[in-house]
Amino acid sequence: MMSHGTSPKKLKQCTLDDLFNKGSTPGHKATMQDSFKRDDKDIKVTDSQPILDNKLSESDDLEEKRIQMDEDLTDSQSSLKTLHDTAFCIDNTNEIEDILEEQQMREHPSTSSPQPSSSDSKLINAVQSYFDVQEENDDESQHSNSYPIEKMHRAPTPWSEEKLFPNTNKEHYIMFTLPDGYDPGKDDMLPKPSSGNFIDCWDENHVKMPCSIQSECVVEKQLKERWEVIQNALISNIKSPQELEVAILRYNYRYRNVWRFDGLRKFFDNMMEVEYQSFFTSLLPKIALLALRLPYLCNQPIPLLKKGKNRSISFSQEQIACLLANAFFCTFPRRNTMKQNMEYSNYPSINFTSLYQNVNHCSQEKLKCLIHYFKRVTTKMPNGTITFQRQCLDKFPVWQTSMKTLSNFYCSSAGTIEDNGAGFLEVDFANKKIGGGVLTRGCVQEEIRFVICPELLISRLFTECLEKEECLIVKGFERFSAYSGYASTFLWKGDFQDKTVRNSWGRHVSQLSCIDAMVVSNYKNQFQQQNIIRELNKAYCGFHDHLQQDAGYLPAVCSGNWGCGAFGGDHQLKALIQMMACAEANRDLCYFTFKDKRLAKELCEMHKFLTSHFIIICQLMNLLEQFYEDGLAQCKAEHCKQNKAKQCRAHQMTLFDYIYQHCTKE
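Residues in the sequence shown are numbered consecutively from 1, following UniProt numbering.
Everything labelled a hint here was simulated from the structure, so no lab data went into it. Incorrect hints may have been included.
[Said to hold, decoys possible] Okay, derived cross-link-like pairs now, DSS-like style, lysine-lysine, Cα gap no bigger than 30 Å in a straight line: (1) 468 with 309; (2) 380 with 192; (3) 608 with 404; (4) 524 with 595; (5) 375 with 493; (6) 524 with 597; (7) 208 with 468; (8) 339 with 307; (9) 239 with 221; (10) 404 with 524; (11) 468 with 170; (12) 499 with 151; (13) 239 with 170; (14) 608 with 597; (15) 499 with 395; (16) 309 with 192; (17) 170 with 306; (18) 208 with 404; (19) 375 with 208; (20) 309 with 339; (21) 499 with 186; (22) 221 with 339; (23) 380 with 404; (24) 186 with 266; (25) 375 with 239; (26) 192 with 208; (27) 493 with 266; (28) 170 with 224; (29) 309 with 208; (30) 375 with 151; (31) 221 with 208; (32) 499 with 170; (33) 224 with 239; (34) 404 with 186; (35) 597 with 404; (36) 170 with 266; (37) 380 with 266.
[To be verified] What follows is a set of in silico ranges between Cβ atoms, one per label pair, in the way DEER data are often shown: (38) 548 with 597: 31 to 37 Å; (39) 519 with 341: 20 to 26 Å; (40) 530 with 197: 48 to 54 Å.
It should be emphasised that the depicted structure is a prediction, and the values quoted were computed from it without experimental measurement. Backbone N, C-alpha and C fix where the C-beta goes; we use that ideal spot for every residue, glycine too.
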């Protein structure tokens, strides 16, 4: 049901303007006065036993396991590098070698250093200057078999992405008024919201907004308009975490005996007094004002990114901040239960209630990241734009017949995707519900990325659970926090100034591909052909760019141990799958092994071996099939009765050992 031109009641908004001494014109000023201008301070957190979460996410059990993830593989047998002649490898005659060398130069021309167009040279120079400052020297010498990272393409590339940013159409929804061009010299000018009054759209294809006149809530056995109750609650003078709880429960009345706020209370209990007072007297009212500007900043219906549909949504950073402020106050209707067959059961949670429950260390550090984000955006609103693209493919390479060789490969045990991947297509080791356990107990690769770059969180509002042929690609997001540690050692380390350059649309040249790996419950089964093809297709979907036809200009993929750890994936197999997917997607691969020097050496040596012998993808597929049938058969059955990964790994030949044995060295 849709009614056009419906404007939520302005009486309460006027009260807001009076209360905060703000003008009512949205979207034109980037600076909000911050009355507590001081340095951020770390908040001391004491450990305590976490309470049980409500069952808000089907991935909680998995995320619980992921906190103890990334154990090193038990030592396998020494690498068997003696190469035996077999009938498998094709006869590499001079003719075949010439053909493959020509094909490699044609498909992966990055070594020939294509020249950028003059229109892009200024932006590219700015990016290069950024890399000169940002890139760290590895604590180990770069492996001689690793392709130089500085030779790999990064965005912006010589092709002009801005030409591919069309007007709003059925596949790309732009939620703001299209700018004439981003001017970095005018950082106080924000993209304007779409013109016109708030359009109320309450149906199964759009986000159901809290400011809709269709949204109602029960307050003390009376049915009331939700937005009116929200406005009354948020303009009240909230002075403590207990009063904040009362305000949130006023429009979530049915959960008054269900929701707990132990984590939120602990967070404020451990605050310094000056920080505590500043939050409730200054920062919290600003977050409330930002949230209540929702019908003015986001006045167009927000489409859902549903499964099976290629669709993109572009927001301004101000619009995303407004939506996240509503998530902070838990205002979104119909999003408070993940029970099966409920309306949004196939979507991630978005309201912060589950985070407020948790008293564990990681949740406290996540709250620091999020509060810091709100402090930044309410002090000076960023003026960029961000695009969320759901990509669904119906055509994939025929892996068993592919004649492609592997593309260039850089690998290091030092560095991280988020610190060293600027300008590359960075990989998010995603859950099929985007963000995984970021609002519960999870605190590994995906969850950390989402809290240091909180704008990614808003994808949970409209992105349905990913299917096996789909991914989510985010362009233009900004990083706000520094951090250290991983899982139980994760710590917020203060402010981070993202110096990544922007293009003419105001988008940072940051790209994140969210791809979910399969969960391996039986170690051997991941080597079955159908499961390998599932992972190849998923990675290819995340790496493929259907808009760019010139393969020589695509930025490299920046990834790591995708699908390993608690997901159960074999490190060697998952790395090889990503190499193969990059080759078919015409991209190079930059790979960080998360401090695993042995794995970095193994991957570099294997890549050199495969490329120097012109091993093509169809041959690799045959090798993988043989490994499943022959190599895994060497696993002693008595040690694998329960199909546990550790037991199985300890008594078998590794995948790379098998490849070395069954390929002929010329």
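Outcome of the hint check:
1. Between residue 468 and residue 309 the alpha-carbon distance is near 13 Å, which keeps this suggested pair within the 30 Å criterion.
2. Note on residue 380 and residue 192: the hinted pairing holds, with a Cα-Cα distance of about 16 Å set against a maximum of 30 Å.
3. A hinted pair counts as satisfied when its Cα atoms are at most 30 Å apart, and residue 608 with residue 404 qualifies at roughly 15 Å.
4. Restraint check for residue 524 and residue 595: the C-alpha separation of about 26 Å stays at or below 30 Å, so the hint holds.
5. A distance of roughly 15 Å separates the Cα atoms of residue 375 and residue 493; the hinted pair therefore holds under the 30 Å criterion.
6. Distance hint between residue 524 and residue 597 is fulfilled; the C-alpha atoms sit about 25 Å from each other, no more than 30 Å.
7. A C-alpha spacing of about 27 Å is found between residue 208 and residue 468, which places the hinted pair at or below 30 Å, so the restraint holds.
8. For the given pair, residue 339 sits about 19 Å from residue 307 by alpha-carbon distance, which is consistent with the 30 Å threshold.
9. A C-alpha spacing of about 27 Å is found between residue 239 and residue 221, which places the hinted pair at or below 30 Å, so the restraint holds.
10. Straight-line distance between C-alpha atoms of residue 404 and residue 524 comes to about 27 Å, which keeps the hinted pair within the 30 Å bound.
11. For the proposed pair residue 468 and residue 170, the alpha carbon gap of about 23 Å is at most 30 Å, so the pair holds.
12. About 21 Å separates the Cα atoms of residue 499 and residue 151, which keeps this hinted pair within 30 Å; it holds.
13. Using a Cα cut-off of 30 Å, the hinted pair residue 239 and residue 170 is violated, with the two alpha carbons roughly 45 Å apart.
14. Restraint check: the Cα-Cα separation between residue 608 and residue 597 comes to about 17 Å, which is no more than 30 Å; the hinted pair holds.
15. Among the hinted pairs, residue 499 with residue 395 is inconsistent with the structure: their alpha-carbon atoms are about 37 Å apart, more than 30 Å.
16. For the hint linking residue 309 to residue 192, the alpha-carbon distance of about 28 Å falls within 30 Å, and the restraint holds.
17. Restraint check for residue 170 and residue 306: satisfied, since their Cα atoms lie roughly 13 Å apart, inside the 30 Å limit.
18. Simply put, residue 208 and residue 404 have alpha-carbon atoms about 46 Å apart, too far for the 30 Å limit, and the pair is violated.
19. A threshold of 30 Å between alpha carbons decides the hint, and for residue 375 with residue 208 the separation of about 27 Å falls inside it, so the pair holds.
20. The straight-line distance between the Cα atoms of residue 309 and residue 339 is roughly 24 Å, inside the 30 Å bound, and the hint therefore holds.
21. With a C-alpha separation of about 16 Å, the suggested pairing of residue 499 with residue 186 holds against the 30 Å cut-off.
22. With a CA separation close to 24 Å, the supplied pair residue 221 and residue 339 stays within the 30 Å bound.
23. Of the pairs offered as hints, the one joining residue 380 and residue 404 is violated, with about 49 Å between alpha carbons and a cut-off of 30 Å exceeded.
24. Our distance criterion of 30 Å between C-alpha atoms is broken by residue 186 and residue 266, whose separation comes to about 41 Å.
25. Taking the CA atoms of residue 375 and residue 239, the gap is about 17 Å. The hint holds against a cut of 30 Å.
26. For a cut-off of 30 Å, the pair hint linking residue 192 to residue 208 stands: about 22 Å separates their Cα positions.
27. As the CA atoms of residue 493 and residue 266 are separated by approximately 19 Å, the hinted pair is consistent with the 30 Å bound.
28. Restraint check for residue 170 and residue 224: the C-alpha separation of about 35 Å exceeds 30 Å, so the hint is violated.
29. Distance check on the hinted pair: residue 309 and residue 208 sit about 19 Å apart at the alpha-carbon level, within 30 Å; holds.
30. With a C-alpha separation of about 38 Å, the suggested pairing of residue 375 with residue 151 is violated against the 30 Å cut-off.
31. As the CA atoms of residue 221 and residue 208 are separated by approximately 23 Å, the hinted pair is consistent with the 30 Å bound.
32. For the hint pairing residue 499 with residue 170, the CA-to-CA distance comes to about 33 Å; that exceeds 30 Å, so the pair is violated.
33. Taking the CA atoms of residue 224 and residue 239, the gap is about 25 Å. The hint holds against a cut of 30 Å.
34. Between residue 404 and residue 186 the alpha-carbon distance is near 47 Å, which puts this suggested pair outside the 30 Å criterion.
35. Of the pairs offered as hints, the one joining residue 597 and residue 404 holds, with about 28 Å between alpha carbons and a cut-off of 30 Å not exceeded.
36. For the given pair, residue 170 sits about 46 Å from residue 266 by alpha-carbon distance, which is inconsistent with the 30 Å threshold.
37. Taking the CA atoms of residue 380 and residue 266, the gap is near 28 Å; set against the 30 Å cutoff, the hint holds.
38. Roughly 35 Å separates the CB atoms of residue 548 and residue 597, a value that falls within the hinted 31 to 37 Å.
39. Hint check: residue 519 to residue 341, Cβ distance near 22 Å, so the stated range 20 to 26 Å holds.
40. About 52 Å separates the C-beta atoms of residue 530 and residue 197, a value consistent with the hinted range of 48 to 54 Å.
Going through the hint list in order, the structure does not satisfy hints 13, 15, 18, 23, 24, 28, 30, 32, 34 and 36.
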